[in-house]
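Protein chains in written order, with the working numbering: chain A, 411 to 660; chain B, 424 to 706; chain C, 717 to 1008.
In case anyone wonders, no lab produced these hints; they're calculated from the structure. By construction, the Cβ of each residue, glycine as well, lies at the ideal position given by its N, Cα and C atoms. A few of these clues could be false.
Using C-beta positions, here's what the derived DEER-type ranges look like [what the hints assert, rightly or not]:
(1) B/LEU552 <-> A/HIS528: 45 to 53 Å
(2) B/GLY477 <-> C/GLU778: 31 to 39 Å
(3) B/ARG517 <-> C/PRO779: 51 to 59 Å
(4) C/SER951 <-> B/TYR456: 41 to 49 Å
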Amino acid sequence: MVEPLIKIINLSAYFGNLCVLKNLNIEIYKNEILGIIGPANSGKTTFLRALNRLNYLQANYHQKGKILLEGKDIREIKDSILRKKIGIVFALPQVLPMSIYENVAYGPKVHGLRKREHLDSIVEEALKKAYLWEEVKDRLHTPANKLSGGQQQRLCIARVLAVEPEVILYDEPCSGLDPISTAKIEEAMRVLQENYTQILVTNNTKQAARVTQRCAFFLMGELIESNATSILFTSPEDKRTDDYIRGRFG
Amino acid sequence: MKFDAKTREKLAFFILGMIALIIILPIIGVIAYIIKNGAPGLSWEFLTQPPRNGMKEGGIFPAILGTIYLILGTMVFSLPLGILAAIYLVEYARENWLTRTIKLAIINLSGVPSIVYGLFGFAMFVIFLKFGTSILAGSLTLAIMSLPVIITATKEALEAVPKSFREISLSLGATKWQTIRYCVLPYSLPGILTGTVLALSRAAGETAPILFTVAAFYLPRLPRSMFDQVMALPYHLYVISTQIPNMPLSLSFATALVLIVLVFLMNLVSIILRAYFRKKKLW
Amino acid sequence: MFSKLQKIKESILEFFIRGSGILIILFVVLIFLFLLKDSLFFFKSYPLKDFFTQKKWLPISEPPSFGIIPLLLGSIYVTFFAIIICVPLGMGCAMFIAEVAPSFLRNILKSFVEILAAIPSVVLGFIGIVWLGPLVKKIFSIPTGMCGFTGSLLLAFMALPTIISISEDALRSVPYTYKEAAFGLGATKWQTLWRVILPAASSGIIAAIMLGIGRVIGETMVVMMVTGNSPIIPSSILEPLRTLTATIASEMGETVRGGLHYFALFSVGLILFIITFIINFLADLFLHRSKK
């Protein structure tokens, strides 16, 4: 049995009095792509943002239970270190109002990297991994918000890659994108799998089926079941999972 | 006689328009009156020479310089403090009694009469801290008075920066301060500058707070340190229009003109800054 | 990884950021304490009761009399008349800007209001001396134009920007659905403005008026320069009078530091501080109510 990279034990999450995650237990293994599927308001995003403690940006958030990263409680890791290790790509492509180059170099810079050549090579490598280099290499210093939606989202992936994370979280990364952009991002994810652990929240079950190896089904803040994607999609144990996959609700 | 609804509306709107006109005309009148009577008294000598012969001749250079010193002094104290306090309120403060107290304090500061600032500045800076009647005491008094405006403007500018910028920065592992420094402050700078210049232009025109803290009745030599007294434009105008018998009116008008030109120029700078940055708006 | 040095730098900065918030509170407390301290010196040798009931302010006669009533009445007189004049004008102008004027006119009007707000009070005081005062004297055939009414006129003018901008905000923040509903019932624009928008914006308008009052009570230079500076109970607004603010400004320079007169002026300052604190606090309550 392989040790899981991330282990979540009895995780419950609340916004004020509202419980959005109920007693969650799940493990995430190195170099896998884990899909999180489920209808809206199932706690998928909250779950994802619990992993790098972004939920705490909201004043009324609190949680119970434990999240272990490589066996270590994440509460013992400094926010900035934890978020360097676990990066996130948000639902809507959100670039900072700087140049393409500055967007990618932002992360390495805040972590103390100042040398120009070093930054140059990190930016290039990150953009290549995100399948964006060819499209932008001639205009690295133009404003990032001039890029198309799909390009911006790949820029966001490059931005995460530039800080050399171990885990990448995707929060419905393709929700506003056209099929071609979506295909490019999925392709990038497949290639990245070699070096990174990835968690993909999506409400597109077909995308989960295409990209992920394992999948977890969330409903109303509860983890209904998780299994290898091929099994979950063909013979789910729970009737509610079956209903969702067949498109009966959600 | 009874009007129908449409006629009543026309009548009402006409009256409202007249009211607006009644307000606008005196504003134009005041400005035109000062320009018309003040312009003849303006000369290079007036702007660059000290007053002579019991202030009935000569220029107002020491007063202009004094006011500029006070503006700079006020900025030095109020800008950093105002920005930090606004950062605290927007980025750090949680909804609790301390935050509510700070907000109440700001509201209260903005309502304190300027003469009460003068009294306080005198008791605290001139007497208690032994700064004497000095540029330092006057600047500190004006700075505290300017704080509410600077804080409010900075707060608005910080709040206008999208939440997502902060989220992106933090999610990449930036610390809170790095996030503020690189992802929030650069984009709120225009608003902060606009508000600050506006606050300073108010401070430049204030008389009551400097009455007992810095202003000199007549002091033809220039200040040598921040512990010196200075003349100041608004106080000078007050002095020559109320305390000097047989003061030639043309000099008073010219002084008033210089003062409003200075204040309007600062306002203009803030308007231009606002327009310039709005055009360059990045998101 | 970021260095230890940076960590130290950040904690120092955060210390200053938190400190600055506290400092704001401290300033208010300090203002209050400094006024209170010297007021207590005053009340140690002058009875509190006399301060509030004596009808004469004679600081340099023997024995001196420090009755705040004439000053308080002076302030109330000019404030009352200034508000009577400027509220209808300010409200009318705010209504015109918010609901009637086309956008180019609105921008012009708003810039004029900003220009008015930018004119230093000492300049308006000067105008009062050289132009408005003599005019008032001529119109009412009174011995001097340096009287309460001249002050009220100028103060009304000065309070306009506050009243106009805050009322206009209040009028504009009335939800559009209110208007739609009124139009739907066949109301004209004027009926909608008068019967629907104005009542709906009432909290904000009350706040605007209160802030205007606060502005007028606290104004110093104009009243010192044009109201004649005579600390007696005025029998009419057309007579010279003196406000709380002008008393401090004009007498502070002549007092002996540490003398009874000196401390008396701090008591006047304390009264002013308390009055404006209450007014601003209430205005803020109304403003918050209007935002909900």
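Hint-by-hint comparison with the structure:
1. B/LEU552 <-> A/HIS528: 45 to 53 Å: holds, 51 Å
2. B/GLY477 <-> C/GLU778: 31 to 39 Å: holds, 33 Å
3. B/ARG517 <-> C/PRO779: 51 to 59 Å: holds, 56 Å
4. C/SER951 <-> B/TYR456: 41 to 49 Å: violated, 32 Å
Hint 4 alone, counting from the list given before, is not met by this structure.
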